[in-house]
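What follows is the residue order along each chain.
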Amino acid sequence: MKRGWKQIPIAAVSWINSTEYKTGSWRSFRPIVDYEKCIKCMQCWVYCPDLAIKWNGEEINVDYDYCKGCGICSEECPVGAIKMVKEV
Amino acid sequence: MITEQEVIGLNGDEAVAYAAKQCKVDVVAAYPITPQTIIVEKFSEYVANGEVETEFITVESEHSALSACVGASAVGARVFTATAANGLALMHEIVYVASGLRLPIVMVVVNRALSSPINIHCDHGDSMAERDAGWIQIYTEDAQEAYDTVIQGFRIAEDERVLLPVMVMLDGFFISHTLQNVFVLPDETVKKFVGEKRNVPEIEIMGKRVKLKLDPSFPLTIGPLALYDYYHEIKRGQAEAINSSMEIIKKVHDEYSRVSGRKYGDGVLDSYKLEDAEIAIVCIGSAAGTVKSVVNEVREEGLKAGCLRIRVFRPFPADEIRRILSGIPVIGVLDRSLSFGGMGGPLQYEIKVSMYDEPKRPLIMNYAYGLGGRDLPPGTVKKIFYELNKLKGKQKPKETFKFIDVRE
Ligand code: SF4
Ligand code: SF4
Chain A
-15 MKRGWKQIPI
-5 AAVSWINSTE
5 YKTGSWRSFR
15 PIVDYEKCIK
25 CMQCWVYCPD
35 LAIKWNGEEI
45 NVDYDYCKGC
55 GICSEECPVG
65 AIKMVKEV
Chain B
2 MITEQEVIGL
12 NGDEAVAYAA
22 KQCKVDVVAA
32 YPITPQTIIV
42 EKFSEYVANG
52 EVETEFITVE
62 SEHSALSACV
72 GASAVGARVF
82 TATAANGLAL
92 MHEIVYVASG
102 LRLPIVMVVV
112 NRALSSPINI
122 HCDHGDSMAE
132 RDAGWIQIYT
142 EDAQEAYDTV
152 IQGFRIAEDE
162 RVLLPVMVML
172 DGFFISHTLQ
182 NVFVLPDETV
192 KKFVGEKRNV
202 PEIEIMGKRV
212 KLKLDPSFPL
222 TIGPLALYDY
232 YHEIKRGQAE
242 AINSSMEIIK
252 KVHDEYSRVS
262 GRKYGDGVLD
272 SYKLEDAEIA
282 IVCIGSAAGT
292 VKSVVNEVRE
302 EGLKAGCLRI
312 RVFRPFPADE
322 IRRILSGIPV
332 IGVLDRSLSF
342 GGMGGPLQYE
352 IKVSMYDEPK
362 RPLIMNYAYG
372 LGGRDLPPGT
382 VKKIFYELNK
392 LKGKQKPKET
402 FKFIDVRE
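Respectively, the protein sequence lines represent chains A and B. In terms of our numbering, the first sequence has -9 at position 7, counting the first letter as 1, and numbering is strictly consecutive. In terms of our numbering, the second sequence has 388 at position 387, counting the first letter as 1, and numbering is strictly consecutive.
Calculated directly from the structure, the hints in this document are not laboratory data. Take these hints with a grain of salt, some might be off.
Within a straight-line C-alpha distance of at most 20 angstroms, the following computed SDA-like cross-link-like pairs (lysine to any residue) qualify [to be verified]:
#1 B:K214 with A:I0
#2 B:K209 with A:I(-6)
#3 A:K(-14) with B:P225
#4 A:K(-10) with B:K384
#5 A:K6 with B:L221
#6 A:K(-10) with B:G394
#7 A:K(-10) with B:V76
#8 B:K209 with B:G394
#9 A:K(-10) with B:L364
#10 A:K(-14) with B:G394
#11 B:K252 with B:R237
#12 A:K67 with A:S12
#13 B:K209 with A:E4
#14 B:K214 with A:S2
#15 A:K52 with B:V76
To list a few chain B residues with every Cβ distance to chain A over 10 angstroms, as calculated [unchecked claim]:
#16 T35
#17 H93
#18 V260
No residue lacks a Cβ here, since even glycine has one placed at the ideal position from N, Cα and C.
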């Protein structure tokens, strides 16, 4: 249920944590990692403006809840391991 | 108990700077512009002399001045600034931001005509252009009232039930540069009245009570994106805030009058000899002094004249106005600004809407006067009163809006 005007905090201060905004829903292109090609150089992790590239100790993963599909990781990857695929 | 007060010779601008000093503002961010310059000049002297602990932020434009005020206010500071005319117009974007974020900034606008042609003298076109921006707008009549209203302004703005920016207007040169004997309260009294520091209220966010301010220990998103799903509701809430500020404005005025011994009508409207009036002039700002003195003059000559000065223009006191003006058959509204292509000046719109629901609507004439600092001499006001008097019991004339004292 969306809040009515009496339930909105003064000055429209956000009443939920920013992590609850799933900005991944804005995406029209999805980065897909080819792990055969990936050399774990972490350039994508450095460049992603949304901190959507995660490192789990073994490999990188894209957090699709927040990845907006800008394609910067794909552009920066030195070995072409990230492909941008149109969302359906 | 009325406090004993010192009298000092101050012009309107100096009186404002003195009040801001006594209100112990944390931050002033301002850019000089005539006829406001004396305010920030005087205040920067206080800073240089160590008389205040204020952080004075010098900026390169008025847009930046108000932006810096917004930032400072968002971290909980008590913030003051001043501007005029083109400076206010340059702030326009941020004027809306300040009210939308509910930041209790006090800004003095020394009314000056907008370009072009360039002019440095008084009219109300600058602040009228901001009337829809969500700020409380209070127009003063003289330097004393300007001093008193700045002090009241902080109390109103920072009240937890209001939390809105307050714009205090004084007429350029007529008030800003005219020396007057001003009664000033002792520093201690002002400190007690406005509070030593701004009281930042708490709000509930994610089940926690937190201060409504930017603070790294509990980060808040102030000024989020809100589209068609929420913007409408947010603006509805903002409209409620300014409408319900009227009672607080009156209460603060009453409380202040108990300390200072000075009253400006009921704090919202200042009526003069309207009880038995058959003709009335409604006006704003320093013109009221002239109108009131002419009321006395024409009353001696048998006219039942009165004056209503609108002190608080936003929120607009429509109900009170209707009550006060009800039964007065002919009313003249003086406008010191225009609404080009409209049907008269901005004040007459408000008055006409306020009176529309009256069973017996009065005849309302509208006079544009004093643009770009043109004087409003008593003789002109007298002419208007006699014209209004002649219209009693008559049909509405074809033209109800006219420029007064204009060369053909
Ligand atoms: S597409 Fe953009 S947002 Fe998504 S992971 Fe790559 S760099 Fe980050
Ligand atoms: S930039 Fe390319 S190679 Fe480097 S870690 Fe990311 S996907 Fe792998």
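Are all beta-carbon distances from T35 (chain B) to chain A longer than 10 angstroms?
Check passes; 34 angstroms lies beyond 10 angstroms.
20 angstroms Cα cutoff - pair K6 (chain A), L221 (chain B)
18 angstroms, holds
Is the Cβ of V260 (chain B) more than 10 angstroms away from each Cβ in chain A?
29 angstroms, holds
Against the 20 angstroms threshold, does the CA-CA distance of K(-10) (chain A) and V76 (chain B) hold or violate the hint?
25 angstroms, violated
Hint consistency between K252 (chain B) and R237 (chain B) [alpha-carbon to alpha-carbon, up to 20 angstroms]:
24 angstroms, violated
Decide if the proposed pair is consistent with the structure: K209 (chain B) and I(-6) (chain A), CA atoms, cutoff 20 angstroms inclusive.
Between K209 (chain B) and I(-6) (chain A) the Cα gap is close to 15 angstroms, so the pair holds against 20 angstroms.
20 angstroms limit on alpha-carbon distance, applied to hinted pair K209 (chain B) and G394 (chain B)
64 angstroms, violated
Would you check the hint for K(-10) (chain A) and G394 (chain B), treating anything up to 20 angstroms between C-alpha atoms as holding?
48 angstroms, violated
Below or equal to 20 angstroms on CA atoms is what counts here, so check K(-10) (chain A) against K384 (chain B).
With Cα atoms ~51 angstroms apart, K(-10) (chain A) and K384 (chain B) exceed 20 angstroms; violated.
CA of K(-14) (chain A) to CA of G394 (chain B), is that 20 angstroms or under?
Roughly 56 angstroms separates the two Cα atoms, so the pair is violated.
Straight-line alpha-carbon gap K214 (chain B) to S2 (chain A), limit 20 angstroms:
OK: K214 (chain B) and S2 (chain A) at ~17 angstroms, within 20 angstroms.
Do the alpha carbons of K52 (chain A) and V76 (chain B) lie within 20 angstroms of each other, as the hint requires?
Violated: K52 (chain A) and V76 (chain B) sit about 31 angstroms apart, past 20 angstroms.
The structure shown violates the earlier hints numbered 4, 6, 7, 8, 9, 10, 11, 15.
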